[in-house]
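With the hints as extra help, turn the sequences into a complete structure.
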Amino acid sequence: MLSEMISLLCGLLSVFIADRYRYNTFLECKSWLADDIPYIILAGNLLVYLISNSRSSAISLLFIINFFLMVVSDLHEQSFDTCLLVVPLATGLMHFFQAPNTEGLGQAAIFLAVLVWLAFTGKMGSGDVWHFLLLSLNFSCPVAMKSFLLASLLAIAHALWHKRPRKEPFAFLPYLFWGLNLQFFL
1082 MLSEMISLLC GLLSVFIADR YRYNTFLECK SWLADDIPYI ILAGNLLVYL
1132 ISNSRSSAIS LLFIINFFLM VVSDLHEQSF DTCLLVVPLA TGLMHFFQAP
1182 NTEGLGQAAI FLAVLVWLAF TGKMGSGDVW HFLLLSLNFS CPVAMKSFLL
1232 ASLLAIAHAL WHKRPRKEPF AFLPYLFWGL NLQFFL
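Going left to right, the sequence shown walks through residues 1082 to 1267 as our numbering numbers them.
Hints should not be assumed to be uniformly reliable.
Unchecked claim - Derived DSS-like pairs: lysine-lysine, alpha-carbon spacing no greater than 30 Å straight-line:
id, residue 1, residue 2
1, 1204, 1227
2, 1204, 1248
3, 1227, 1244
4, 1244, 1204
Keep in mind that the hints were calculated from the coordinates and are not lab data.
Set out below in structure tokens:
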């Protein structure tokens, strides 16, 4: 219990520092701290999950920081720097080759092909496809599929609640982040 609390506090603090550094260094705009607080808390929760599943603390922390920065960048700008893909891709490949989990791999490959087709036709952003791939590598294919399903349901509910115009684009990575966290509770 104490180690989980320490992991949570370290995760919250490191993600908060990364968020502040990003705003102070790269963005010349007002701070969106109030918008980012739920994602900071979710990032801390994911760090506790990763460390409790026998992953290296430092690698998990780097993964969560990059993952978090991709989500808040997509939330505010509907894009993220591709350099943020390097660490999650490296940790995902390490995780996949150290403990290969082929459960649901065929389903995930078919779903990934559909997502790539949607990205090429302009119906979905390529960042969402990358995010699904990173979820599949860093967690497992069933986790990625459940996260995507929950994220889609959350996005549909939000769109119905707020009556958005049909053609107006919206950031999907925050919904995936929520879906990833929610699927660990279900």
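Each hint, compared with the structure:
{"no.": "1", "hint": "1204 <-> 1227", "verdict": "holds (21 Å)"}
{"no.": "2", "hint": "1204 <-> 1248", "verdict": "holds (10 Å)"}
{"no.": "3", "hint": "1227 <-> 1244", "verdict": "holds (25 Å)"}
{"no.": "4", "hint": "1244 <-> 1204", "verdict": "holds (19 Å)"}
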